Amino acid sequence: MFAFEVLFPSILNGLTTGAVYALVALGLTLIYGVLHIINFAHGAALMMALYGVYFLKQRLGLDPYLALPPMVAAMFVLGYGLQRVVINRASHGKDENILLVTLGLAIVLENLALLAFKSDTRTIETPYTLATVAIGPATLALPKLVAFGGALAACAVLLWTVRRTDLGRAIRAVAREKQGARLVGIDVDHVYAMSFGIGLACLGAAACFLLPAYYVNPQVGNGFVLVAFTIVVLGGMGSFAGALLGGLLVGVVESLGGLWLGESLGQIGIFLIFIAVLLLRPQGLFGARA
Amino acid sequence: MKMPSLRRDLLHIAAFTAAVALVGVFARSGVVLNFTMMALYACLMAQAWNLLGGYGGQFSFGHALFFGTGAYVQAIAQLGAGLNPWLALPLAVLAAAAAGLGVGALSFRWGLKGSYFALVTLAFAEVARILALSVDFTGGGVGLMVPLRTGAAHLQFAGRGGYVLLMLGLVVLALLATCWLRHSRFGARLQAVRDNEDAARAVGVDPLRVKLGAIGLSAGFMGAAGAFYVQVFQYIDPAIAYGPHTSVEALVAAIVGGLGTLWGPVLGALALHLLADLTRNLFGQLPGINMVIYGAVLILIVMFAPRGVMGLGQSARALWERRRG
Numbered sequence: 001m002f003a004f005e006v007l008f009p010s011i012l013n014g015l016t017t018g019a020v021y022a023l024v025a026l027g028l029t030l031i032y033g034v035l036h037i038i039n040f041a042h043g044a045a046l047m048m049a050l051y052g053v054y055f056l057k058q059r060l061g062l063d064p065y066l067a068l069p070p071m072v073a074a075m076f077v078l079g080y081g082l083q084r085v086v087i088n089r090a091s092h093g094k095d096e097n098i099l100l101v102t103l104g105l106a107i108v109l110e111n112l113a114l115l116a117f118k119s120d121t122r123t124i125e126t127p128y129t130l131a132t133v134a135i136g137p138a139t140l141a142l143p144k145l146v147a148f149g150g151a152l153a154a155c156a157v158l159l160w161t162v163r164r165t166d167l168g169r170a171i172r173a174v175a176r177e178k179q180g181a182r183l184v185g186i187d188v189d190h191v192y193a194m195s196f197g198i199g200l201a202c203l204g205a206a207a208c209f210l211l212p213a214y215y216v217n218p219q220v221g222n223g224f225v226l227v228a229f230t231i232v233v234l235g236g237m238g239s240f241a242g243a244l245l246g247g248l249l250v251g252v253v254e255s256l257g258g259l260w261l262g263e264s265l266g267q268i269g270i271f272l273i274f275i276a277v278l279l280l281r282p283q284g285l286f287g288a289r290a
Numbered sequence: 001m002k003m004p005s006l007r008r009d010l011l012h013i014a015a016f017t018a019a020v021a022l023v024g025v026f027a028r029s030g031v032v033l034n035f036t037m038m039a040l041y042a043c044l045m046a047q048a049w050n051l052l053g054g055y056g057g058q059f060s061f062g063h064a065l066f067f068g069t070g071a072y073v074q075a076i077a078q079l080g081a082g083l084n085p086w087l088a089l090p091l092a093v094l095a096a097a098a099a100g101l102g103v104g105a106l107s108f109r110w111g112l113k114g115s116y117f118a119l120v121t122l123a124f125a126e127v128a129r130i131l132a133l134s135v136d137f138t139g140g141g142v143g144l145m146v147p148l149r150t151g152a153a154h155l156q157f158a159g160r161g162g163y164v165l166l167m168l169g170l171v172v173l174a175l176l177a178t179c180w181l182r183h184s185r186f187g188a189r190l191q192a193v194r195d196n197e198d199a200a201r202a203v204g205v206d207p208l209r210v211k212l213g214a215i216g217l218s219a220g221f222m223g224a225a226g227a228f229y230v231q232v233f234q235y236i237d238p239a240i241a242y243g244p245h246t247s248v249e250a251l252v253a254a255i256v257g258g259l260g261t262l263w264g265p266v267l268g269a270l271a272l273h274l275l276a277d278l279t280r281n282l283f284g285q286l287p288g289i290n291m292v293i294y295g296a297v298l299i300l301i302v303m304f305a306p307r308g309v310m311g312l313g314q315s316a317r318a319l320w321e322r323r324r325g
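Protein chains in written order, with UniProt numbering: chain U, 1 to 290; chain Y, 1 to 325.
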């Protein structure tokens, strides 16, 4: 088929792309794991974070990596507010409603961006945008390598938060048994909003790692929505390690698909995996059978 | 709740048909005819979605798959096989229904419900979009142009009036299908599965068969909308055919109007269309403004009127009585 010299860089490239996918999916899997809702606005929120990073760089000259703290904070606040003000009130306790409201949010955000920023595709330039690192026969983009490290770090932080902190214990309690958690004095609405906030904060981080080597336009989130859902489903809903592994796997599948089938048809592999996993193993490749 | 009466439903449909037909035959204003045509087109998609989403309780986010299949079959049958558009139309409807049955057989067989069904239908539509971009007979990203041959024999009309009547015919068929769901044994089974699948199974209903029937019916009407699109605009490409906006328009109009009702989707499509037209007149041709409205109305309806416009009246009455009592 293909020689090592072609396959190795392709797989490595897929792994680094997959790390960014994993970063996007980590937030989604947290939101699913705790709230048991499917957040359709995840892609639109990522789009907003990307515009945030873009304007911080263009207007204030802030380097994307230095934009990490303010972006994470801003996205957290946005997520907390959205959950408390819109999603929680709209749900009436029904999953379908949350699905519809987050879909509505996605449509509104995406088209407001279209009104405000036109459909132009924008990129930024940093001193390291085009920098590369050689690993064996492969040449890797430096920003992608940084993103790889960032995804691992974010995954570790999330795991630590959920396993070791009081908030994490509250999150696990609410995810397991909502009524019981309420009875022992946990503020369930607050935990919901915190989870949604943390979920979107991951997108703030993802945007900072993405933009040095990526672009932003109003539709950019669409490309990530189904990919992120694929990863969440693949990894087992609510599992961070699963999301990381799933992300890497999807990145490699896309990269190899592009190599064998060409750029446009290559993406089809992701959706076929998604459909197959949903149909055959909805608890996820790495999830326990429910 | 009162049982809907078959006679009353049929009477309403007849009145609706007569009123819209009058517009189609006698209206001379291009603006009025164009508005009527596009509103009916939105009604058809909303009613198609309602058949599965409203009466079957299955929320598809990928109805664009059926729309696009209908559109491409309509275009390819004329271009490739030289078929008369009148003959292509039933083919398009059948192909869309077959696509519906295919998706249904795969997802219902494995018990996919709720959010999972929504996601998997979305993924199917995406697969179709990518395939349409990559294969030859769809014209790839360039799309397909259908030749302009004006004349009723070619299902293309010089004025909008003809299209209004064609569209009206399709909408009336969809209304009759909805009417059938409300009053037939099949419809009763479908609504039983929607309300409680286990209970329905316990009384001998086969949920898979019932849901398959509903998705086939729903997809067929969506395919008719796709074929109509090709006849009016003479052009189709993968983004128009399989892009998510078509799925969204269909489901938002149905939900805003009121799910599982005969006139809800009609009202919803009409209301959203009026709203989009009004804002377009106020703010000019801004890209995306109509979709902002779609999204905002969807959020507001789910937040404050979960049973849609049709349910608003009932809610208001209930509130009034609670205040007094």
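These are computed hints drawn from the structure, not numbers from a lab. Where hints are given, some of them may not hold.
Cβ-to-Cβ under 8 Å is the rule here; a few derived chain Y residues that face chain U [unchecked claim]:
hint, residue
1, Trp110
2, Val146
3, Leu148
4, Phe186
5, Leu274
6, Leu278
7, Leu282
8, Gly284
9, Gln285
Listed below are the simulated EDC-like cross-link pairs for lysine to aspartate or glutamate, each with C-alpha atoms no more than 16 Å apart in a straight line [said to hold, decoys possible]:
hint, chain 1, residue 1, chain 2, residue 2
10, U, Lys178, U, Asp189
11, Y, Lys113, Y, Asp9
12, Y, Lys113, U, Glu96
13, U, Lys94, Y, Glu321
14, Y, Lys113, U, Asp189
Facing chain Y, from chain U, some residues (calculated, C-beta under 8 Å) [said to hold, decoys possible]:
hint, residue
15, Asn97
16, Ile186
17, Leu226
18, Leu279
Quick caveat: nothing in here was measured; it's all calculated off a predicted structure. Glycine residues also receive a C-beta, built at the ideal position from the N, C-alpha and C atoms.
Structure-based check of all given hints:
1. Trp110: Cβ of Y/Trp110 sits 5 Å from chain U, so the hint holds.
2. Val146: violated, 24 Å
3. Leu148: This hint is violated: Y/Leu148 lies away from chain U, its Cβ roughly 29 Å from the closest one there, beyond 8 Å.
4. Phe186: violated, 24 Å
5. Leu274: violated, 19 Å
6. Leu278: violated, 17 Å
7. Leu282: violated, 14 Å
8. Gly284: The hint is violated - Y/Gly284 has no Cβ within 8 Å of chain U, the shortest such distance being about 11 Å.
9. Gln285: violated, 12 Å
10. U/Lys178 / U/Asp189: Roughly 10 Å separates the two Cα atoms, so the pair holds.
11. Y/Lys113 / Y/Asp9: Distance ~31 Å between Y/Lys113 and Y/Asp9 Cα, so the pair is violated.
12. Y/Lys113 / U/Glu96: holds, 11 Å
13. U/Lys94 / Y/Glu321: Roughly 26 Å separates the two Cα atoms, so the pair is violated.
14. Y/Lys113 / U/Asp189: With a Cα-Cα distance of about 26 Å, the restraint between Y/Lys113 and U/Asp189 is violated, given a limit of 16 Å.
15. Asn97: Hint holds; U/Asn97 Cβ to chain Y Cβ min 5 Å, cut 8 Å.
16. Ile186: violated, 25 Å
17. Leu226: Holds, about 6 Å.
18. Leu279: holds, 5 Å
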